[in-house]
Each structure stands twice: as structure tokens, then as C-alpha cells.
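K.L.:
This is what each chain is made of:
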Amino acid sequence: MKQTLRYDQISCRLEVDGLPDVSAGHALDAVGILTGWRLQWAGRPELEGQREHLVALMEVVLPYARHLISGVGRRFGDADRPVSIAPKAEGSHRLSLRSSQGDQATLDLDLDDAELADLVRVLDQLRLDRRLALPLSVPSSRPLRGRDLIDRLPLHRRLAAPLGGLAALATAAGLVLLLPPPPAPTPSKGPAASSSASGSSSTPGIPSPPPSAPAP
Amino acid sequence: MVLDPSAPSPVPLAAVPAGSSSDASGAPEQVPSLSRRGLERLDLLLLCLEALDLNGGEAMVWMSEQLGYGQLFPNRVELWKRRCYNPLRRACRRGELAGQESDALIRILCQMADRLYPMLRTLLSSTEPAELAAQRWELFQTRLADLVRERMNPRRSGVQKLLDPAAGDAQVRRMVRTLALGAGSGGFERLRASLLDAAV
Chain A
1 MKQTLRYDQI SCRLEVDGLP DVSAGHALDA VGILTGWRLQ WAGRPELEGQ REHLVALMEV
61 VLPYARHLIS GVGRRFGDAD RPVSIAPKAE GSHRLSLRSS QGDQATLDLD LDDAELADLV
121 RVLDQLRLDR RLALPLSVPS SRPLRGRDLI DRLPLHRRLA APLGGLAALA TAAGLVLLLP
181 PPPAPTPSKG PAASSSASGS SSTPGIPSPP PSAPAP
Chain B
1 MVLDPSAPSP VPLAAVPAGS SSDASGAPEQ VPSLSRRGLE RLDLLLLCLE ALDLNGGEAM
61 VWMSEQLGYG QLFPNRVELW KRRCYNPLRR ACRRGELAGQ ESDALIRILC QMADRLYPML
121 RTLLSSTEPA ELAAQRWELF QTRLADLVRE RMNPRRSGVQ KLLDPAAGDA QVRRMVRTLA
181 LGAGSGGFER LRASLLDAAV
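Protein chains in written order, with this note's numbering: chain A, 1 to 216; chain B, 1 to 200.
Among the clues, some could well be false.
What the hints assert, rightly or not - If you anchor each label on the Cβ, the simulated ranges turn out as follows:
#1 73(A) <-> 71(B): 20 to 30 Å
#2 169(A) <-> 71(B): 51 to 61 Å
#3 57(B) <-> 167(A): 46 to 56 Å
#4 139(B) <-> 94(A): 25 to 35 Å
#5 174(A) <-> 126(B): 33 to 43 Å
#6 75(A) <-> 36(B): 26 to 36 Å
#7 71(B) <-> 167(A): 36 to 46 Å
#8 198(B) <-> 174(A): 34 to 44 Å
#9 73(A) <-> 150(B): 29 to 39 Å
#10 154(B) <-> 165(A): 32 to 42 Å
#11 70(B) <-> 23(A): 42 to 52 Å
#12 147(A) <-> 70(B): 36 to 46 Å
#13 36(B) <-> 167(A): 26 to 36 Å
#14 165(A) <-> 37(B): 32 to 42 Å
Stated by the list, open to error - Short derived list, chain A residues pointing at chain B, Cβ under 7 Å:
#15 70
#16 94
#17 114
#18 120
#19 142
Calculated from the structure, these hints are not laboratory results.
Ideal placement from N, C-alpha and C gives every residue a C-beta, glycine not left out.
Throw the hints in and build the complete structure from the sequences for me.
P.N.:
Quick look at the structure:
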């Protein structure tokens, strides 16, 4: 009754043990109850765990690979999770596995691109295997939004637009300051002021013309 | 290393099954079309496969027939015409590639990458002898550069950047890594989602 599903790649092998859930009508070669799994790496310690650990591994590795394809390398999995993965250097990825058993320290595995691709492929093979009659809730791949991709741009390109805007604003403000100030508005003159001005035509220093003689 | 079963169980991020192509009502999902940037990346990834496989053009036609796209791409000219939606091409076509056609091209890409995965892995592996790895990269990049010069518009900045020895190497390595992570049936969703990313 015990079934073992095996998925091989060049650097790793994933084996999943389980039983068919006969009460759910599964075929005899199906795995409806997952009892354990093992991941063997060439030249590395073997990993094993229960179903929740396998789901935790898939939940960080598959989205990490999805983001890497878009050129975004960021950490997946918090420090309190059993599994996390983060980019380390160019072409290198650190997979950290934490055990809640007190006597075991965190196991860090540095994978290169090829080993990461192998791991992704065995997890894909497991996920898509029809014999696995067990829902493994892994996030589906979705297009990334602009704000998710902003980290992909170098800092100078990210700052170019806001700094260019600020520079344009400062230049425009400086040019405005260079312009001559507009003339002060002259005070408006009322009718009384204009009549008094016309009445005082005998301006000092300017003789007023003599009254003209009447015509003969 | 044994992972303790008493560790807290992670919360599922989504309940959508992988590989689902229809919504909850059972209606077929509306296939979105790729942006210009997505078309560029798709065609360049196909070009990478041609650089890896000397008979890549014929292999694409064969793969298309194997996957049941014989009516969509009845011959290599039709396949080539769809790839010419890449704006970086010398003779590029205007307009949008239909979603069904772009999905077919992505599936062809994933299956060809799956077939060439050993070569992709060899290029990416850090355990290969350094001298041998450098020779393999040089050979691959030379073939890719020849194909780019032959088919792409050299006046486009994207093409110039790809042919630039400094900036182009990193970009080519990212493309090879993309092919390795998108190989096979499982890679289709990842690659398609990536090609549909928002423009920045």
C-alpha cells in the first residue's frame, strides 16, 4: 500500500512517501496521505520532513524562482519560518532550513543557479504529478506590478525622474526671479482731484496768458 | 537534517491550483496579450535557444507540431511572422500578438528549454571547470551575437546593449537562467507571468 514517488534531477532527488486515501476513492498508485519526504543532494546533507515542511519549501522556492525570472532577487520566508531563501551573490542563493528542535542549528545551503533550477524542477514535477492526489497550496504565478519591479532598476535611474523634476522646478523659479518686477500701479485719480488740477493752471513760474482783447 | 513537525504550519498564500486556466465559473480565462517588452523578451529567449541548438529553427517547427499548434503555425514562415512582433527586429510588424499565439510560443519555448535543459544547466553550473565553462560561454555568446546582428535592428538601444561586452554578458546570463527556471510544463506559468509583468 505504501507508495513512494521519486523525482530525479542531476544534483538532487526528491522522494515522497504516502498512502492512497481509499476512503476518498483514490487509485492504488496515488498518494492521498503524505507520510514523509526526503530530498537528497549530491554532496550535501539529506533533508526530510513532513507535509507542512514540504509545503513551506514550495512556498518559498517557487515564488523566488518566479521573481528571479523577472529579474527581482529578494528574500522569501521570514526568520520564524522553517524555510527561507535569499540571493547571496551573483549566481548564488542561500537556502536556510530551521528546525524547532533546540539542538539543531540553522542549516544554510548555498545553491548555484543550476542547483536552484534542479530544485525547482523536482518541485514542479511533484506539483504536477497526477499521482499526487493531495492539494498542495502553493501560490500561483502572477505578473508583478510596477512597484514590485522598481528594485530591478538601478538607483540612479530610480532617482532620475524626481531629481529632474526638482531641477526643472528650481530652474524655473530662478528664471522667474531674474525677471524685472512689474511697475507699481499708479493711484487712480477721482473727478475732484482732476478739477482742482485744472483750476490751478496758474502754476508758479509759468505766467498765465493775458486775456485776449475783444474783437473789434 | 530533520525539520521538526511542531514548527508552525505556513499559511497558504493562494488557493488557486497551479495550471488552472479557467476561473471559478468555468468560463475560459481571457488570455492577455504581451506588451512590447514582453514580446522582446520572448523573441530573445527563443533566439537563445537557437544559439544553443544549431537546428533550433527546425526544432521549433517540429515542437509546434508536437504540441498541436499545426493550425496556428502551419509552417515556419507563420512562426517567423509571429516572432516579428518583436520591436527590436530589423523587419518588425506593428500591432499586438494575439494572446493565444503568445501562449503557444511560450509553450514551445518551455518545451524546447526542457529539451535543452542539460546544456542550460551546464552553462549555469559553478562546479564545471572554469576554463571549460568560459569556453562554453564564449561559444554560446558568439552564436547569439551573430544571430542578434543578423536579425535585430542595430540602431535600437536594446540591441546595442545586448551586444555590449560589459552589459550584455549579465543580460545573457539572466536569459539563460530564465530558460532554466522556465523549462518544462511547470515553467510555463512562471514564464508567462513574467512576460506579462508591468512596464517600468
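K.L.:
None of the hints should be skipped; say for each whether it holds.
P.N.:
Structure-based check of all given hints:
As the Cβ distance of residue 73(A) to residue 71(B) is approximately 40 Å, the hint placing it in 20 to 30 Å is violated. In this structure the supplied range 51 to 61 Å holds for residue 169(A) paired with residue 71(B), their Cβ-Cβ distance being about 57 Å. Roughly 49 Å separates the CB atoms of residue 57(B) and residue 167(A), a value that falls within the hinted 46 to 56 Å. For the pair residue 139(B) and residue 94(A), the beta carbons lie near 31 Å from each other, so the given range of 25 to 35 Å is met.
Checked against the hint of 33 to 43 Å, the pair residue 174(A) and residue 126(B) fails, with Cβ atoms roughly 54 Å apart. Hint check: residue 75(A) to residue 36(B), Cβ distance near 31 Å, so the stated range 26 to 36 Å holds. A beta carbon spacing of about 56 Å between residue 71(B) and residue 167(A) contradicts the range 36 to 46 Å that was offered as a hint. Evaluation of the 34 to 44 Å hint for residue 198(B) and residue 174(A) yields a pass: the beta carbon distance comes to about 37 Å.
Taking the beta carbon of each, residue 73(A) and residue 150(B) are about 32 Å apart, inside 29 to 39 Å as hinted. Between residue 154(B) and residue 165(A) the beta carbon distance is about 33 Å. The supplied range of 32 to 42 Å therefore holds. In this structure the supplied range 42 to 52 Å holds for residue 70(B) paired with residue 23(A), their Cβ-Cβ distance being about 44 Å. Distance hint for residue 147(A) and residue 70(B): a CB-CB separation of about 42 Å, consistent with the stated range 36 to 46 Å.
At roughly 29 Å, the beta-carbon separation of residue 36(B) and residue 167(A) lies within the given 26 to 36 Å, and the hint holds. For the pair residue 165(A) and residue 37(B), the beta carbons lie near 24 Å from each other, so the given range of 32 to 42 Å is not met. The beta carbon of residue 70(A) comes within 5 Å of a beta carbon in chain B, closer than 7 Å, and the hint placing it at the interface holds. The interface hint given for residue 94(A) is violated, since its Cβ lies 14 Å from the closest Cβ of chain B, which is over the 7 Å cut-off.
Taking 7 Å as the C-beta contact cut-off toward chain B, the hint placing residue 114(A) at the interface holds, the least distance being around 4 Å. Hint status for residue 120(A): holds, given a least beta-carbon distance of 6 Å to chain B, under 7 Å. Using the Cβ-Cβ criterion of 7 Å, the hint placing residue 142(A) at the interface with chain B is satisfied: the shortest such distance is roughly 5 Å.
This entry does not satisfy hints 1, 5, 7, 14, 16, going by the numbered hints stated previously.
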